[in-house]
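**Q** Residues per chain are reported as follows:
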Amino acid sequence: MTEMEVKFIELDEFRNAMQRERERGMDFLREIVGMDWGEEGLGAIYILENSNTRENTEIGVRTTEREKPQIPTVSDIWQVAELYEREVFDFFGIEFTGHHDLRRLFLRNDWVGHPLRKDYDASETLNPVRLESEPAEEFQREYDIQDDKEMAKIVEKLKILHYDQFIINIGPQHPATHGVLHFHLALEGEEVRKVDIRCGYIHRGIEKMCESRTYPQILPFCDRLDYLSAHQNRHAVCMCIEKALGLELTDRTQYIRTIMDELQRIDSHLLMYSCMAMDMGAITGFIYGFREREKILDIMEEVTGGRLIQNYYVIGGVQADITANFARKVKEYCNDQKMRIKEYYDLFVNNVIFRNRSIGVGVLTREDAISFGATGGTGRASGWACDVRKRYPYAMYDKVEFKEILHTDGDCYARLLVRLEEILESIHIIEQLIDNIPEGEYKVKTKPIIKLPEGRFSASVEGTRGEFGVFIESHGDKSPYRLKFRPTGLPLIAAAHKIMKRCKIADLITIGASLDYVIPDIDR
Amino acid sequence: MIDFSSIVTAVDCFLESAMPHQLAIVVKCILAAVCALVAYLSFAILMIYMERKVCASFQCRLGPTRVGKWGLLQVFSDVFKMIIKEIIEIKDSDRILYNLAPFLVVMSSIITFSCLPFARGLQVLDFNIGIFFIMAASSFGILGILLAGWSSSNKFSMIGAMRSGGQMISYELSMGLSILTLVVLSGTMQISEITEMQTKGWFIFRGHIPAVIAFIIYLIAGNAETNRAPFDLPEAESELTAGFHTEYSGMGFGFFYVAEFMNMFIIAGIATTIFLGGWAPLYIPGLEGFNHAMCYIPGSIWFIGKTLFIVWVLMWIRWTFPRLRIDQVLVLEWKFLVPIGLINLLIMTICVVMGWTF
Amino acid sequence: MEIKRPKIKSIPYEEFKDNDTLEAMIAQINKERTNVLLGKLDDLINWGRSNSLWSLTFATSCCGIEFMSVGAARYDFARFGFEVTRNSPRQADLIMCAGTITHKMAPVLKRLYDQMAEPKYVVAVGGCAISGGPFKDSYHVLNGIDKIIPVDVYIPGCPPRPEAILYGMMQLQRKVKIEKFLGGKNAHQNRKEIPDEPIIVTNYPTGEDKKE
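Keeping their order, the protein sequence lines are chains A, B and C. Residue numbering for the first sequence follows this note's numbering, starting at 4 and increasing by one per position. Residue numbering for the second sequence follows this note's numbering, starting at 89 and increasing by one per position. Residue numbering for the third sequence follows this note's numbering, starting at 22 and increasing by one per position.
By construction, these hints were calculated from the structure, which means they are not laboratory data. Incorrect hints may have been included.
Simulated DEER-style distance windows between Cβ atoms [claimed, not checked]:
#1 C:157 to A:168: 39 to 45 Å
#2 C:44 to A:301: 36 to 42 Å
#3 A:314 to B:422: 56 to 62 Å
#4 B:379 to A:192: 51 to 57 Å
#5 B:388 to C:184: 44 to 50 Å
#6 B:157 to A:443: 53 to 59 Å
#7 A:407 to C:33: 54 to 60 Å
#8 A:349 to B:275: 40 to 46 Å
#9 A:349 to B:125: 42 to 48 Å
#10 B:261 to A:366: 31 to 37 Å
Backbone N, C-alpha and C define an ideal beta-carbon position, used for all residues, glycine too.
The whole structure should be built from the sequences, with the hints applied where relevant.
**A** Here is the structure:
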């Protein structure tokens with residue numbers, strides 16, 4: 004799945020073609036990559052997958068119109084496309100006809116220009132740092148599809164929230180949003196009537212910055228996307244570049260990377276458990292999770308020199324070899340963690356109050372999970388076998404034995420259980436590898452200046468929150484022409500939209516905690 | 089056992105003889121108020137320190153260690169900080185109610201506090217319907233919380249206030265029922281008399297099964313009354329930022345903070361008084377030597393010891409359980425605690441009538 | 022009465038970095054004389070304030086996780102009396118700005134700062150809050166929060182280690198200790214005035230742009 008063959012479809016045919024793809028079983032829209040090909044026009048690449056047969060297809064569409072580029076929407080075919088298309092609209096100004104709520108997703112409403120276009124004017128005078136609040140958008144903007152292929156008109160008809168409703172803002176500064184997410188809620192008593200999720204409060208424009216960086220310079224940004232799966236993010240980018248270059252890695256590197264990925268996964272799942280406990284009001288549970296997390300950080304620190312952001316994987320290997328104590332410490336830790344997990348169950352997971360608050364709350368069905376592309380623990384809690392480690396094994400994952408944890412309830416409780424059971428599974432993987440790390444180089448030599456051959460490349464790994472993918476379009480330079488990360492959190496936010504409706508405020512917090520998103524990963 | 093009433097009477101006689109009757113009453117009132125306030129504040133400081141240390145040890149932490157020996161002065165520095173903090177006037181708030189609310193909450197808890205019998209005769213307020221008075225005075229605090237949320241023109245506060253209204257008024261009921269169960273057993277509502285009766289055995293032992301059930305119901309309801317986890321919905325940190333006191337800064341917030349801790353102490357104090365014999369020492373019929381030895385421990389130590397034990401239990405619950413949801417809070421009350429409380433009251437009545445108590 | 026060098030329990034004065042700044046502040050404050058009584062009262066108040074710095078939980082990205090670690094069992098900032106993190110800005114003493122501040126977040130941060138009750142402090146945690154960090158040349162990142170709110174302590178790092186955060190908090194304690202609350206003006210009041218009405222700042226103020 005590294006080198007991509009994109010099938011381009013004419014604009015007129017596009018919607019029908021997409022509908023045909025859906026009918027033939029392509030139910031998982033992995034991502035929509037907005038593109039600006041300069042002379043050739045603006046467009047988008049849709050990466051589709053059949054969740055049963057794991058068949059892949061990539062479909063492209065483009066329009067030469069630059070002033071008012073328009074592409075038909077697919078948001079009624081795949082539910083996640085609603086947010087994906089808003090993102091593309093935000094970054095490229097491509098209007099999706101038929102989309103019923105086309106607002107900017109990340110940037111302010113009064114932002115001038117579309118930053119990921121190649122001709123974007125980044126001057127400070129156009130978009131200074133404004134200190135007044137953003138003008139609120141009151142209406143959903145719908146772009147009508149018209150038969151005679153004329154310019155679609157903006158129809159402003161649906162009010163997002165009515166002022167006679169009891170409207171509250173949870174976020175952007177709120178203890179339970181895990182960062183700076185903004186839930187705009189209409190309440191009726193304690194019940195949530197309507198949710199409007201606003202992101203972009205930590206949109207740092209990483210994808211745009213990558214276009215002006217060399218490949219090794221891109222890597223530090225990956226750690227800061229989803230800082231709790233920093234290693235996996237870097238793994239995806241390194242893997243993509245290495246495959247494009249045709250680099251063969253040593254076994255030692257693969258072993259180290261797999262172990263580190265799994266340690267990072269445990270770290271992140273522990274944090275998820277901790278934060279869930281804290282959001283539910285059990286602060287002691289939070290502290291217990293952090294106590295064990297510190298031990299992982301210790302191990303990582305000894306090897307990589309960093310606690311949270313480690314800059315460890317590099318193209319062709321890893322930054323530094325593992326230390327002599329590494330294997331011993333990891334084994335000690337694994338044994339300890341297995342005992343501690345029971346403590347979490349006793350303290351929090353089996354607590355009657357927690358069970359009552361989470362069982363049957365925020366149910367996401369399997370169909371919805373696929374349609375929203377909610378991968379990772381969330382998808383697996385709904386019964387969708389979406390683990391990239393099983394679907395497209397990379398590193399050592401095809402040589403170790405491990406179970407893919409699946410639950411079928413799809414509620415908050417199942418989502419937490421999946422994480423806790425995955426911790427044990429990760430420990431199992433680590434234990435198979437830790438004693439057999441082969442001798443050898445931890446890094447292969449690369450050229451001083453790395454240039455990728457022309458083409459489109461993609462790779463994905465199982466991040467801790469789902470499938471983390473990288474898409475690189477290279478024109479043969481030392482920096483990518485376009486680099487797109489598949490955020491693990493954005494599909495979760497899209498799903499949250501749906502499952503948060505008609506729940507109570509307290510449930511909203513539970514659902515948010517159980518989905519386990521990291522905002523800097525959503526906003527990039 | 090020292091009887092403090094003799095000291096109180098001596099002071100009373102001295103004042104009456106030294107000045108005219110009216111003035112003496114004024115001076116006595118002031119004296120009593122000062123004593124009650126000083127005791128209130130010192131217990132508040134003790135409680136906050138205890139909460140921090142207890143919470144820390146539940147969480148494998150150390151808690152305050154650096155301000156004073158073992159962090160003993162930590163609470164004092166918090167108090168100084170709180171006093172000098174700016175008090176923000178909120179635009180569009182109902183100014184009178186907004187400023188009144190914290191005082192209502194503190195007032196209610198001080199009045200209830202002064203009903204607690206710390207030792208024989210060491211009690212500010214004591215009259216024949218003492219139990220009723222305690223319940224009336226403590227429910228007064230809900231008003232303060234409701235007003236705080238209502239008047240600060242903040243939607244989070246508003247939700248917090250409405251939650252607290254629903255929750256606290258409901259739990260008042262089962263609290264009343266469980267206290268009533270014990271009133272049936274004791275046959276009096278005067279607090280001093282209730283405690284006096286328990287010198288020959290605590291009510292929780294004498295009333296056996298119905299008394300234990302009432303005790304458990306009382307602890308649950310009392311926990312809910314004080315707005316502490318798992319019933320901390322009105323301030324639900326992770327949902328409503330700070331709930332009904334979101335807009336309060338400086339001492340306004342300080343009053344709520346102190347009142348929360350003192351309400352916990354008061355709830356524990358009432359539980360001690362009614363169920364665990366107040367200042368009465370442990371009495372086991374038949375073991376005269378043991379009973380005699382127990383009497384050498386002063387009554388106030390018995391009272392404070394038992395109260396702090398219950399406070400510790402409440403803190404244990406606070407730092408272990410996650411928070412309930414508002415509908416679950418109400419279901420627990422109306423579908424479980426109230427019916428059980430009513431049946432329990434009936435059982436107790438039958439027990440008393442049939443003479444099945446000890 | 023003169024303000025003396027601030028003491029931090031069990032850490033000698035010389036071990037702290039950047040004592041010059043502190044001494045310059047002390048010299049400036051000591052130019053005004055106040056009477057002994059107010060001075061003593063000030064000492065007491067400052068002792069209280071410096072040992073009870075409650076921070077607002079404000080975290081936007083990675084640094085926030087390290088901030089959580091500081092609160093957890095191993096680093097336990099409750100030892101210092103920074104225990105209570107308040108979620109309501111009204112009740113917080115300092116805003117610990119942990120993470121990148123973007124264009125969209127800047128007005129929110131400014132508003133949070135304005136909502137806090139005096140005396141209030143700002144700690145900029147991590148490279149992003151200090152200068153924009155790795156995202157300095159991004160189109161959507163504010164290069165340093167000191168462009169919109171006055172910062173008292175900078176804690177560098179990406180993200181700073183928990184020890185660094187504790188050290189930064191101790192530096193803030195030292196700064197609080199040399200302020201005057203009752204007697205005379207203090208450095209806190211002398212700091213750069215930032216106008217109340219909404220202003221537009223550009224990322225790189227160059228003479229004319231500043232006026233906009």
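**Q** Any hints this thing doesn't respect? Which numbers, in order?
**A** The structure breaks none of the hints.
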